[in-house]
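J.: These are the residues of each chain, in order.
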Amino acid sequence: MTEGLGRYLGKKYPTTWQELPIAGIVPWAGNTEELPKHAWRTIRPVIDQEKCIRCRLCWTFCPDGAILEVDEEYVTKKGRRYKVSYKVNYDYCKGCGICAHECPVHAIEMVPEER
Amino acid sequence: MATVVEEKRPEKKIVVPRKRIAAKGNFAAAMAVRDVDIDVAAIYPITPQVQIAEKITEYVANGELDAEVIPVEGEHSAMSAVVAAAAAGARVFTATSSQGLEYMHEILYIASGLRQPVVMALATRALSAPINIWNDYADAFGMRDTGWIIIFSENVQEVYDNLIQAYRIAEHPDVLLPVVVTLDGYILSHTVEPLEPLGREEALSFAPKRPRGYRPVLDPDRPMSFGIVGVPAWYHEIKYQQVAAMRESRRVIEETGREFGKRYGRGYGFIEEYMMDDAEVALVSLGATASLVKAAVNRLRGEGVKAGMVKIRVLRPFPREELVKALENVEAWGTLNRAITYGGAFEDPLYLEIAASLAAEGIAKPSASFIHGMGGRDIFVHEVVEMYKKLMEHARAGKSARRTYFWGVKGHNPDDDQKM
Numbered sequence: 000m001t002e003g004l005g006r007y008l009g010k011k012y013p014t015t016w017q018e019l020p021i022a023g024i025v026p027w028a029g030n031t032e033e034l035p036k037h038a039w040r041t042i043r044p045v046i047d048q049e050k051c052i053r054c055r056l057c058w059t060f061c062p063d064g065a066i067l068e069v070d071e072e073y074v075t076k077k078g079r080r081y082k083v084s085y086k087v088n089y090d091y092c093k094g095c096g097i098c099a100h101e102c103p104v105h106a107i108e109m110v111p112e113e114r
Numbered sequence: 000m001a002t003v004v005e006e007k008r009p010e011k012k013i014v015v016p017r018k019r020i021a022a023k024g025n026f027a028a029a030m031a032v033r034d035v036d037i038d039v040a041a042i043y044p045i046t047p048q049v050q051i052a053e054k055i056t057e058y059v060a061n062g063e064l065d066a067e068v069i070p071v072e073g074e075h076s077a078m079s080a081v082v083a084a085a086a087a088g089a090r091v092f093t094a095t096s097s098q099g100l101e102y103m104h105e106i107l108y109i110a111s112g113l114r115q116p117v118v119m120a121l122a123t124r125a126l127s128a129p130i131n132i133w134n135d136y137a138d139a140f141g142m143r144d145t146g147w148i149i150i151f152s153e154n155v156q157e158v159y160d161n162l163i164q165a166y167r168i169a170e171h172p173d174v175l176l177p178v179v180v181t182l183d184g185y186i187l188s189h190t191v192e193p194l195e196p197l198g199r200e201e202a203l204s205f206a207p208k209r210p211r212g213y214r215p216v217l218d219p220d221r222p223m224s225f226g227i228v229g230v231p232a233w234y235h236e237i238k239y240q241q242v243a244a245m246r247e248s249r250r251v252i253e254e255t256g257r258e259f260g261k262r263y264g265r266g267y268g269f270i271e272e273y274m275m276d277d278a279e280v281a282l283v284s285l286g287a288t289a290s291l292v293k294a295a296v297n298r299l300r301g302e303g304v305k306a307g308m309v310k311i312r313v314l315r316p317f318p319r320e321e322l323v324k325a326l327e328n329v330e331a332w333g334t335l336n337r338a339i340t341y342g343g344a345f346e347d348p349l350y351l352e353i354a355a356s357l358a359a360e361g362i363a364k365p366s367a368s369f370i371h372g373m374g375g376r377d378i379f380v381h382e383v384v385e386m387y388k389k390l391m392e393h394a395r396a397g398k399s400a401r402r403t404y405f406w407g408v409k410g411h412n413p414d415d416d417q418k419m
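Those protein sequences? They're chains U and C, same order as listed. Residue numbers for the first sequence follow numbering that gives the first Met the number 0, beginning at 0 and rising by one. Residue numbers for the second sequence follow numbering that gives the first Met the number 0, beginning at 0 and rising by one.
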């Protein structure tokens with residue numbers, strides 16, 4: 000079955016039209032997992048750990064579950080000690096900006112994506 | 000005593016046992032797909048194609064053909080079914096006409112976009128409204144941009160031969176594109192003509208079924224996704240693959256037609272030239288209309304006019320180089336077509352492509368386009384002769400027609416077209 004199919008199915012990740020599988024066939028199963036889920040993001044949230052008060056509102060409001068609560072200790076310059084930190088999972092973040100909008104202390108800045 | 004001398008005759012090698020029968024175009028089409036042993040057919044009956052559907056069902060019922068016939072509720076489903084069956088690796092067939100073709104139109108692009116070797120017979124017929132069941136090429140010309148290979152047939156024998164070749168072309172690993180073979184509604188679909196069928200053994204040896212898996216197919220043991228979203232990042236490339244395949248198909252079509260001629264004595268090219276060796280004026284036509292133009296050429300030759308004809312057999316991919324070669328030495332050329340592109344620079348779509356092909360080679364010759372015979376209106380030989388004479392006027396004046404001539408319209412003088 001696999002004999003001769005190579006010419007139509009190409010390499011795993013094509014870079015040219017010749018390498019692209021014929022008719023855009025995806026020649027292996029379960030490929031959705033390999034897709035980037037953030038490809039259309041144009042602005043990215045950046046959390047300022049200094050300003051963040053660990054209120055968890057961004058985590059609550061994020062429609063994609065892309066805000067992570069991680070067990071990472073953080074000490075601010077003023078000496079305040081937090082046991083957790085909030086980080087953005089950029090593999091899933093679509094850049095909608097809801098987190099920045101909801102943040103009561105404006106600790107999240109939306110920065111343009113530049114590629 | 001008379002001695003009997005046994006004459007030693009050279010052994011005659013008959014490659015194919017010739018059997019001549021009488022058949023209409025519809026039966027020739029059904030016979031051709033029976034002989035190439037199709038696996039799946041999904042056909043919704045529509046005049047004038049109905050007998051193709053009936054005959055295939057009959058072949059399956061009486062055991063002459065071992066195929067799955069899917070009783071669909073419309074042409075959109077018919078084309079969808081054969082595209083899916085082809086994706087599963089089957090050799091498939093469908094047939095339609097006119098409104099049926101329009102109903103399946105969106106799936107036409109999917110058949111070519113998914114690169115499925117679907118073969119279809121199209122009994123050409125006018126498009127509604129007003130409703131009309133008779134022959135013209137409006138439906139076939141509507142397929143120009145669908146990514147299908149389009150082959151026109153001039154007679155019943157060509158319907159059969161073209162369909163056999165269609166499978167070999169469509170399923171070729173360098174092509175993998177759908178192919179449509181036309182037969183003029185009624186003029187070929189319902190007219191009984193002599194036919195030499197190849198028979199199953201020969202047809203299958205000419206267009207053998209390839210081993211499963213030579214092209215990507217739907218298979219539970221090797222799952223693949225067909226028909227995924229073509230995002231902007233890759234859609235362009237997938238379309239370019241189709242362009243490249245269509246270009247590549249020229250070689251395969253040429254080889255297939257030549258091989259057919261070598262085996263069975265009926266060779267096929269992209270175009271057929273009739274009395275073109277010394278022709279001074281030439282009309283380009285296609286389908287069964289070409290036979291009519293040949294008759295006009297015969298009459299004109301009798302009058303001493305050096306007339307010739309070029310028949311286009313393959314409309315897609317367009318036989319650009321062949322037409323340029325055929326027309327570069329005439330004094331004037333024209334087209335006779337039964338399809339209209341409303342509001343076009345010229346209303347005859349065939350003329351546009353030939354004019355562009357010649358212009359790209361820097362060839363400028365007096366030319367004109369003629370449209371007649373819409374909706375099954377008879378075209379008479381004397382009318383085609385008049386077109387040739389109009390063409391000769393253009394040759395003498397050294398000027399091309401500014402507009403397409405509409406011939407045979409009641410109350411309309413074709414010369415008035417030039418004033419509009």
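Treat the hints as calculated values from the structure; they're not laboratory data. Since the structure is predicted, the reported quantities are computational estimates derived from the model, not experimental observations. Do not rely on the hints blindly, as some may be mistaken.
[To be verified] Distance ranges between label pairs, derived from CB positions:
1. U:Trp-27 x C:Glu-200: 36 to 42 angstroms
2. U:Trp-27 x C:Glu-247: 23 to 29 angstroms
3. C:Val-323 x U:Ala-38: 42 to 48 angstroms
4. U:Glu-113 x C:Pro-129: 58 to 64 angstroms
C-beta: ideal position from N, C-alpha, C; glycine also.
J.: Starting from the range 58 to 64 angstroms, see whether the pair Glu-113 of chain U and Pro-129 of chain C falls in it by beta-carbon distance.
T.: holds (60 angstroms)
J.: Is 42 to 48 angstroms a correct range for the gap between the Cβ atoms of Val-323 of chain C and Ala-38 of chain U?
T.: This hint holds: roughly 46 angstroms between Cβ atoms.
J.: Between Trp-27 of chain U and Glu-247 of chain C, does the beta-carbon spacing fit 23 to 29 angstroms?
T.: holds (26 angstroms)
J.: For the hint 36 to 42 angstroms, verify it against the beta carbon of Trp-27 of chain U and that of Glu-200 of chain C.
T.: holds (40 angstroms)
The earlier numbered hints are all upheld by this structure, with none contradicted.
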